[in-house]
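Chains as they are written, first to last, in the numbering used here: chain A, 1 to 260; chain B, 1001 to 1260; chain C, 2001 to 2260.
It should be emphasised that the hints constitute simulated quantities derived from the structure, not laboratory data. Every residue gets a Cβ at the ideal spot worked out from N, C-alpha and C, and that includes glycine. A hint or two may mislead.
What the hints assert, rightly or not - Part of the chain B face toward chain C, derived, beta carbon under 10 Å:
no.	residue
1	ALA1011
2	VAL1025
3	THR1030
4	ILE1032
5	ALA1036
6	ALA1038
7	PHE1041
8	LEU1049
9	PHE1057
10	THR1061
11	LYS1115
12	LEU1117
13	ASP1176
14	GLU1197
15	THR1208
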Amino acid sequence: MIVLFTDFGAAGPYLGQVKAAIHGVAPMETVIDLVADAPAFDPMASAYLLAALAPDFPHGTVFLTVVDPGVGGARRPAVAEIESRWYVGPDNGLLEPLLRRSDHGRWWEIVWQPKRLSSSFHGRDLFAPIAARLALQQFPWDKPHWREGPWAEPRPIEELRRRDWPDDLARIVYIDHFGNAMTGVRASTLSDDTVIEIAGRRLARAHTFGDVPVGHAFWYANANGLAEVSVNRGRADRTLGIEVGTPVAIEYARRDRVRG
Amino acid sequence: MIVLFTDFGAAGPYLGQVKAAIHGVAPMETVIDLVADAPAFDPMASAYLLAALAPDFPHGTVFLTVVDPGVGGARRPAVAEIESRWYVGPDNGLLEPLLRRSDHGRWWEIVWQPKRLSSSFHGRDLFAPIAARLALQQFPWDKPHWREGPWAEPRPIEELRRRDWPDDLARIVYIDHFGNAMTGVRASTLSDDTVIEIAGRRLARAHTFGDVPVGHAFWYANANGLAEVSVNRGRADRTLGIEVGTPVAIEYARRDRVRG
Amino acid sequence: MIVLFTDFGAAGPYLGQVKAAIHGVAPMETVIDLVADAPAFDPMASAYLLAALAPDFPHGTVFLTVVDPGVGGARRPAVAEIESRWYVGPDNGLLEPLLRRSDHGRWWEIVWQPKRLSSSFHGRDLFAPIAARLALQQFPWDKPHWREGPWAEPRPIEELRRRDWPDDLARIVYIDHFGNAMTGVRASTLSDDTVIEIAGRRLARAHTFGDVPVGHAFWYANANGLAEVSVNRGRADRTLGIEVGTPVAIEYARRDRVRG
C-alpha cells in the first residue's frame, strides 16, 4: 500500500500525475490519498500531522510525503525506514517527530536521477517511482534494479534529525473540512484539567462533541491522538478566528487551584 | 463495491483513513467516493440526497453513509438492507427516504465493538470494518466471523423510521461544484408548469441549460431525478444568494389559470 | 488506464457516478482522477491545459474529457484517437490543441444511445461506458459489441478542428492549489528573456521558486511545459489579483536592449 501525504490539493492535476507515475512502475499497487491539503510550504506543521497519522498504518506501508517548498533547491531527496514503515520525500524535517518517537530509523539519500527531472515536481518525477519500487519490495540495499546503478546510499540518521524542534508543536497544524483545528500536541501529554489558550480564549477539555452545548468551543483528544480545538456543530476556525499556524498555549492546570 | 457517502471532505485525512480501514479487511474491494461533502451536521438534508443517488447503484452495493453529528452519543450504529443494497452508518434518519420509497427493509444494530473505538470517528473504527465484511459477503445473520461473537442483532424496522419526515424535502440539500442547487424534491412529483420559489424569486421549469439564455435562473429535473435550481453558465448559489438549507416553495400551478 | 479530465469537482457526486458507470462495464480498469476542476464552462481554456497534460501518459490511455457547457444541445459526442491515445467527450474544441500539435488524428461520432440518457450528465450516461469499452480494447471499427448496433461512425477530422484558435492561449487556464497560475502558452515557445505582462505587472523568468526572494512574482516553465505565473511561497492568484481567464501579454524581449 502506498499512502500519499502531500500539499498538492485534491482536485488536480498533481495527485493524478503522481498516481500515473506510480502506476507505470507498480500497476497493481493500492494507492490511498491520505492528506492532499497538508499545510502548504510548511514542513514543520506537516511533520507533526504526519506523525499523528502514520503509525496507524500497517508495517510495510510506503508513504509518499511531499511538502516541499525547497523543491529544486539544495534539500536532499530521502528514503527513510522508521518502525517498519517507509517514507519517501524531501529531507526538510518532515520525519523529525516520527524519528523522535522511535527507537531507531535509517535513511538513504536518493542518488538515482530519472531521465526527466523537472525543477518543480519531484513528487512525480523522483519520489513516485521510488515509492513504487519500495512497494514492489525493491529496497535500497538490494542489488540495483535499474540499469543506472545504485539508487540510494546509506547516511547517518543524525543528518535527518531536527534536534531543535519541540517534542510537540503548540500551534494549529490542520483545519479539517468541518473547521476543527488540530494542534501538533499529543493529547496523551495533557491532563484532563489542562486548559488550552488560543486566540484569546481559554478552552476546557471535553470528552467529545455531544458533551458540550451546541456552539460551545472546547478541546478534546481527537481520533488520531492530537489535542483538537472544536465547536459543537460549528466551525472552530471561523468562530475563533484561527488558521493553520495559530499558536496555542498549554496551561497545565494546578490541581489544587482547579479543585478549589 | 463499497460506496462512500460522507461529510468528511475530499482532501483528507478522514476518507483516506476509512479507505485504509476497509483495505485492511477487504483489500481487493473497489471503493468509490460518491459524496465527500454531504451537508455537514445535517442528516436530514443528506438523507434526501442519498435517496436520489443510491438506487442507481447495482444490487449488492455497500454504502458507508456517515453524516454523524451525534457521534459518541446515544444514536445506534446500524446496518440496513433496503432493496438489495446495504447501508452502514449511524441511526439518525439517513435512511428514512429510502425506507419510505421501498416496500421493505431490514436493519440490525451493530453490537460488535472494535478494539479501538474513538469517540469521534466511528466511520473509521466501526463502520468501515463492517462495510468491508458486508462486501466480503459476510452478513449479520451468518455465524459470527469475528471471535467476539455476533456482530449485529435484528431489530424491528419501525425503530429506524422517521415517520414525521416529509416524502420530499422542500429545501436545498446540495450545492454542486458549479453552484447548482439541488432540492430534496423529486422532479417526478412536479408538473411541467410548477413554479419553484426560492429567495424571493419565482423560477420556471426548463428542460436543460441550453434552453434558457446565459445568466438566466430556472429549475429542471437533474440527472438524479431531483428538482435543481440553476443558472445557465452561472452559479445559482451566488446569483440567488442561496445555500444548503435554504427553503423552497413549490407552487403547483393551476392548469386552468396557466392555460387560460 | 482511464484518466478523468473534467470540471465536475472533486468532492462529489459526479465523479463517483462516472466511476461507478465505468466500473459497471470494466470493473478491473484503473481509473485516475487527473483534473476535476478544469475551467468550468470553458472548453477553450480547458483544451490548452489538457494538451499540456495528456502527452505524458502512455499510449493506449483513454481520457474521459468532459467540460461541456453545451450538454443536451447540438454539439456532437465524440471519440478521437490522437497519437495513440483515446479521448471521449463532447465535440467543442477540447481536442484542438492536441490535434494541432499532432501529425494525424481520427474521430468518430458516437451514435450509440444508452437506455438512459439524461439531458445534463452525458459524462455518466454516454461517455463513461464508451471510455470503459475503449479500455477493454473494443474499438469503433470493431464489430458492434452492443446489440444496439454500431456505436460510432468515422468522420473527417476537419470537422473536429477549430482552425481559428491560436497555437498557444495567452491567458490563465488553471490556478492550482498553491495559487500558481498556469498560462496556455508553452514555455518552449518563449526565450529566457521573455517578459510576461499580467494584471499590470511585468514578470521576468526564473528557473524555479528558490531562485527568487520569498514573496517575489515571476514566471517559469512548469513541470508540464507551460509558462506559469508564481510567487515564491505565496499565492500568485491573490497577490496579483488574477483568475482563470485573465489575459497575459507575451513580450519577446529585444536582446540588444535587455543586454544593453
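Hints the structure fails to honour:
2, 7, 11, 12, 14
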